[in-house]
Amino acid sequence: MQIKVLRSKTGTHQLYTLPAGEIPLLSALVYIKETQDATLTFSAGCRASVCGTCAVRVNGREELACAYKVKPGDVIEPLQYHPVLRDLKVDKDKAKETLKKGMTWLHQFQEAVLTHEDEKRTEKQTDCILCNSCYSACPVYAVNPDFLGPFALTRAYRYSVDKREEDAKGIIDNIQNNGVWDCTLCGECTAVCPKGIDPKMDITMLRGESVKHGHSDPSFATQSFGTPDFGGGGFGFDPNAGV
Amino acid sequence: MVDVLVIGSGGAGLSAALAAKEAGASVLVVGKMYPTNSQTSMAQGGMNAALGNAGEDHVSLHIADTIKSAHGLCDEEMVRHMCADAPKTIEWLEKIGVPFSRIDISNNKSTLYPLPSTLSISQRQMGGASAKRACYAQDYTGLKILHTLYDTCLKEGIPFLDEHYLLNLIVPEDTIKGVTFLDIRTGEVKQIDAKSVVMATGGYGGIYHGFTTNMYGATGDGIAAVLRAGGAVSDMEFIQFHPTALKHSCILISESARGEGGYLLNEAGERFVDELKPRDEVARAIFSQMQEGQRVFLDVRHLGEEKLMELLPQEVALCKLHEHVDPAQEIIPIKPVAHYSMGGIDVDHALEVTGIKGCFAVGECSNAKVHGANRLGGNSLLEITAFGRFCGENAYKHAVYASSKPTDDSQREKDRREIDALFAKESQESFYPYREALGSLFYEKVGIVRENHTLKEALNEVIAMQVHQKTMALHDKSRENNQNLIEFLEFQNVLLLAPAIISAAIARDESRGAHYKIGFENENDDFKKHIVLQWKREMA
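These protein sequence lines are chains A and B, in that order. Numbered per this note's numbering, the first sequence finishes at 243, counting up by one with no gaps. Numbered per this note's numbering, the second sequence finishes at 1540, counting up by one with no gaps.
Some hints here could point you the wrong way.
Anything over 10 Å on all C-beta distances counts as not near chain B; from chain A, calculated [as the list claims (entries may be wrong)]:
1) 4
2) 38
3) 94
4) 107
5) 214
Using 30 Å as the maximum straight-line C-alpha spacing, the simulated DSS-like pairs for lysine-lysine come out as follows [to be verified]:
6) B/1477 <-> A/169
7) A/9 <-> B/1477
8) B/1477 <-> A/124
9) B/1529 <-> A/4
10) A/169 <-> B/1095
11) A/94 <-> B/1190
12) A/120 <-> B/1320
13) B/1155 <-> A/69
14) A/100 <-> B/1405
15) A/100 <-> B/1190
16) A/100 <-> B/1132
Please keep in mind that the hints were generated in silico from the structure rather than gathered at the bench. For glycine and all other residues, C-beta sits at the position ideal for the given N, C-alpha and C.
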């Protein structure tokens, strides 16, 4: 079985041969490094889909290397919109900055006894392992590198709906610029999330919350028919629909 | 000069950093990966605290269970400290927003704790526990605690220095002055001066390469650095084997699978052990079945798909992916593999490292003597958060009175020369086959059941490997982002720790907790003590 890996030094795909049989991509990369090419560079951690270290692109789609089973002819490349440090290893610093910019934490604790239903409300969102797959798959970054992005917005949503958060408005106010309205709701993030999280839905919900807190879709205000005071009509509105 | 330098960005490091910052310290967290990549994310089952939310429980019962499981090797004062701190640590986690699993509050009769919102935290059964005591977040407890700690660190503006690999501690005159790191991205050797240092660098389960639930980087880097710097390590022979790892991939299936009612079966479909006994006993029972040629399985089918998806969603996904087994329909092939290092850096009651003033250690790298010869499930997440905070506070207290006179750069220059020498060495021999060999050697000869003659064979093989190490070289000569170099340095660390583990195992002619030796199958009061190892200082 052969696979191709994009090498950063040459900018070309290098062919590697693996023994036949089922093997997770991460194990295949380790095998190559140990036996064929010690210079092949990638990031590895838990092997169990939970540390968020090993996301790459396989045939153009984001996958956790530890959870993807290699197929003959697979083309392995680093995540998009991250500076490549070497081969499949990328610099995640800028992507992680979105958490700081989005202030995605519990702003002000208030006493609230959560129920099982409350737990369910953020169960999926808190499965996030920060693998950055959604960031890599998000087409908004091609035009707006300052976009807060799917994982940061999912995290903002997770805290904004936590009943222990006294200052949900503070979270919502903070994600208006380069935030909820910049998403095109294309759903690529949702499609690639290895944990089954749905950032598109979270962003849609955040738009609804934004409107409740008095915000509105900025692109809506600039439409030809637009008046900035358009009430609650921003919910689920696609800013690119008229473009 | 930073007040508190935290090395390691898992749950212990982040808890220490938050507490030190809260106390007023300037803090820097340095790690070899990114903060949320750490092994804390892999902790599944839960975190113990005697809240009594799921039936009667008391701190005293938690203490008694922990002491019992430790088989006489714990420091009871430290156990009391940790267990008594557990409820308030849960309160702290509740306040920063950890998304615990919840129960219907109307069932709750407890009014002991001042924060009502902790009353709805669900608690589950773990092995060796006399009550449902483990607070959890489905089977993602470690992940969700870790990420919430990280979010809180960002909120508090705690600075991180990622992708810096720990080289050496700078300890002139028995007091820590700073630490040297390799900047993985640039290949530069750097020195960071600090008044206090917190080691939160994780365990050494990675020595069992290929036979462990641990992540690739669990190579005891901090423990090795402490040894090199003249500090002490203890109880190194105590390594916990988790009873239920997936047979082919060694991926962990949480103890909560048994806690929720799962069975262990042999090929004949017979149960052969009380599944809720502590891990050492269950692992040995499985091992003896396997010695008889039996394959062993975990059976959770009777729990039903709905309950499995509610309580163990991660396990279900991992079984399907790595073992092609649907736990709702089929039995799961398992084997016990190395999971947790009870031993580690020897510390006092303030978590200060024996032999190095101003250097503290917490979490799996440290031996705070709360787990003794066998750790209880649910006590490690407790240790990293409760003692993590305690450690950060103590490190700051030391920093307040520590001298801010900087040290020289002799250690940095020495490390630079050593890294240069590694690059200069030419050889065809790779260390990777030896990393594999060391893993198999440890699983076979320093494993669940030990014997003196095979331990001695293992020691000889390890010493031969240490000699042979000098002929091994890097095959990637890039200075920047050289993972081959990092893995070699990690291998050197496990190889440095290997003889400490084996010689302690040889010295302990008895069986106690996770250490079981043929010919010495009982506990012997003569060995009711810690084996402490420290290198002799080189004379100047």
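So, going through the hints one by one against the coordinates:
Interface exclusion of residue 4 of chain A from chain B stands, the closest Cβ pair being 20 Å apart, more than 10 Å. Against the 10 Å criterion, residue 38 of chain A falls within the reach of chain B, whose nearest CB is about 4 Å from its own CB. With a least beta-carbon separation of about 13 Å from chain B, residue 94 of chain A lies farther than 10 Å from that chain, consistent with its non-interface assignment. Non-interface status of residue 107 of chain A relative to chain B is broken: a Cβ of that chain comes within 10 Å, the nearest being about 8 Å off.
A cut-off of 10 Å between C-beta atoms confirms that residue 214 of chain A is not in contact with chain B; the least separation is 25 Å. Distance check on the hinted pair: residue 1477 of chain B and residue 169 of chain A sit about 52 Å apart at the alpha-carbon level, beyond 30 Å; violated. About 13 Å separates the Cα atoms of residue 9 of chain A and residue 1477 of chain B, which keeps this hinted pair within 30 Å; it holds. Taking the CA atoms of residue 1477 of chain B and residue 124 of chain A, the gap is near 43 Å; set against the 30 Å cutoff, the hint is violated.
At most 30 Å may separate the alpha-carbon atoms for a hinted pair to count; residue 1529 of chain B and residue 4 of chain A exceed this at roughly 55 Å. For the hint linking residue 169 of chain A to residue 1095 of chain B, the alpha-carbon distance of about 18 Å falls within 30 Å, and the restraint holds. Restraint check for residue 94 of chain A and residue 1190 of chain B: satisfied, since their Cα atoms lie roughly 23 Å apart, inside the 30 Å limit. For a cut-off of 30 Å, the pair hint linking residue 120 of chain A to residue 1320 of chain B stands: about 23 Å separates their Cα positions.
With a C-alpha separation of about 38 Å, the suggested pair residue 1155 of chain B and residue 69 of chain A falls outside the 30 Å cut-off, and the hint is violated. Annotation: proposed proximity of residue 100 of chain A to residue 1405 of chain B is violated, straight-line Cα distance about 34 Å (limit 30 Å). Distance hint between residue 100 of chain A and residue 1190 of chain B is fulfilled; the C-alpha atoms sit about 27 Å from each other, no more than 30 Å. For the hint linking residue 100 of chain A to residue 1132 of chain B, the alpha-carbon distance of about 37 Å lies beyond 30 Å, and the restraint is violated.
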